[in-house]
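J.: Note that the protein sequences, when read in sequence, are chains A and B. Okay, so the first sequence: first residue is 1 according to the UniProt record's numbering, each after it adds one. Okay, so the second sequence: first residue is 1 according to the UniProt record's numbering, each after it adds one.
Hint data in this document are derived by calculation from the structure and do not stem from the laboratory. Keep in mind the model is a prediction, meaning the values are calculated, not measured. Be careful, since some hints might not be right.
[Claimed, not checked] Residues from chain A that face chain B, not an exhaustive set, calculated with beta carbons under 8 Å:
1) R35
2) P38
3) M40
4) A43
5) V47
6) V88
7) L91
Just so it is clear, CB atoms sit at the ideal spot from N, CA and C, and this is done for glycine as well.
The primary structure of each chain is shown beneath.
Number of protein chains: 2
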Amino acid sequence: MRVLGVDPGLTRCGVGVVEGVAGRPLTMAGVGVVRTPPDMGLAHRLVAVERGIEQWLDEHRPDCVAVERVFSQHNVRTVMGTAQASAVAMLCAARRDIPVALHTPSEVKAAVTGSGRADKAQVGAMVTRLLRLDAPPKPADAADALALAICHIWRAPAQNRLQQAVAAHRTLKGRPA
Amino acid sequence: MRVLGVDPGLTRCGVGVVEGVAGRPLTMAGVGVVRTPPDMGLAHRLVAVERGIEQWLDEHRPDCVAVERVFSQHNVRTVMGTAQASAVAMLCAARRDIPVALHTPSEVKAAVTGSGRADKAQVGAMVTRLLRLDAPPKPADAADALALAICHIWRAPAQNRLQQAVAAHRTLKGRPA
Numbered sequence: 001m002r003v004l005g006v007d008p009g010l011t012r013c014g015v016g017v018v019e020g021v022a023g024r025p026l027t028m029a030g031v032g033v034v035r036t037p038p039d040m041g042l043a044h045r046l047v048a049v050e051r052g053i054e055q056w057l058d059e060h061r062p063d064c065v066a067v068e069r070v071f072s073q074h075n076v077r078t079v080m081g082t083a084q085a086s087a088v089a090m091l092c093a094a095r096r097d098i099p100v101a102l103h104t105p106s107e108v109k110a111a112v113t114g115s116g117r118a119d120k121a122q123v124g125a126m127v128t129r130l131l132r133l134d135a136p137p138k139p140a141d142a143a144d145a146l147a148l149a150i151c152h153i154w155r156a157p158a159q160n161r162l163q164q165a166v167a168a169h170r171t172l173k174g175r176p177a
Numbered sequence: 001m002r003v004l005g006v007d008p009g010l011t012r013c014g015v016g017v018v019e020g021v022a023g024r025p026l027t028m029a030g031v032g033v034v035r036t037p038p039d040m041g042l043a044h045r046l047v048a049v050e051r052g053i054e055q056w057l058d059e060h061r062p063d064c065v066a067v068e069r070v071f072s073q074h075n076v077r078t079v080m081g082t083a084q085a086s087a088v089a090m091l092c093a094a095r096r097d098i099p100v101a102l103h104t105p106s107e108v109k110a111a112v113t114g115s116g117r118a119d120k121a122q123v124g125a126m127v128t129r130l131l132r133l134d135a136p137p138k139p140a141d142a143a144d145a146l147a148l149a150i151c152h153i154w155r156a157p158a159q160n161r162l163q164q165a166v167a168a169h170r171t172l173k174g175r176p177a
């Protein structure tokens, strides 16, 4: 399973590709950041994010795209740009019929460090260890994108079983899933 | 000047096309709503919004797209979807090199009713009068999209003069605009 993780943002959009299955060592296939200049108009920044994400999809052909779920409670000044960059990432994936999964920041932290409240350094350290890298990927957005992809690979089997159980339950009750 | 106004939303995205120039009677060239089903996955809803906006751009070839500026202070439950739908609208326009303008809800209300605190009914009534329609466009999202387009046509000359003044000022100070 090859997963593109996207830590959405307008100034820096982290992207990271991880290959593997739950229970086996994982491999990093690529990591980077799509940047757009803060002095560019918002609409053109979104076009630049789209172009960057498309390049990563073209190059890596992931089976799934995992995007950070954005909450409106967060930093009010940056949350709109984050939501809009995440929309572009989801759009690019869905247009190609690539499944999109959303994970919250605390789900990602809990998956890779065991604690939903871990700090950036801890996430970076665990990403480095789990992918057997020489040093933590910089900037933090890139490491977060890899953490998202790892989180998705590890959570996907549980999510699939849950979805199958819900579908089976609905079928039993006579409501097609 | 032909302006496509977009009142962004995932469930109902209002779209309206207005033709005219400030100081002359305006004409409605089209109005409608792009809808996506709430039980569809978010990523596919964004693709459906994109498809809808593209159709309006293809059909009406606007000179400018005016989108409501979304604030994160608003209703927390719906604001993320609104921000994401607005991102799709901006992206579609900017990809075609159509200028995108953002106007706040109070700017739009003030432009068409004289009060930034006008209610939906008042906005609908003024849109009906200004475009010489038989009845207010339904749903309110469609009327709001027309109000956005009207607001843009009326504000654009002032905005252009402001931009020219700023550019001239910068040039005088020896800093190219």
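J.: Does M40/A meet its interface restraint, that is, does its C-beta lie within less than 8 Å of any C-beta in chain B?
T.: The hint is violated - M40/A has no Cβ within 8 Å of chain B, the shortest such distance being about 10 Å.
J.: For the hint on R35/A, does the least C-beta distance to chain B fall short of 8 Å?
T.: Violated. Min distance 17 Å.
J.: Regarding the hint that V47/A lies at the interface with chain B, is the smallest CB-CB distance below 8 Å?
T.: 5 Å, holds
J.: L91/A was flagged as interface toward chain B. Is the shortest Cβ-Cβ separation under 8 Å?
T.: At about 5 Å, which falls below the 8 Å cut-off, the nearest Cβ of chain B leaves the hint on L91/A intact, so it holds.
J.: Does V88/A pass the interface check with chain B, least Cβ-Cβ distance below 8 Å?
T.: With a closest approach of 6 Å, the V88/A hint holds.
J.: Just to be careful: measuring from the Cβ of P38/A to every Cβ in chain B, is the smallest value less than 8 Å?
T.: For P38/A, the interface hint is violated, since the closest Cβ of chain B sits about 16 Å away, which is over 8 Å.
J.: Does the closest beta carbon of chain B sit nearer than 8 Å to the beta carbon of A43/A?
T.: 4 Å, holds
In this structure, the earlier hints numbered 1, 2 and 3 are contradicted, and the remaining ones agree with it.
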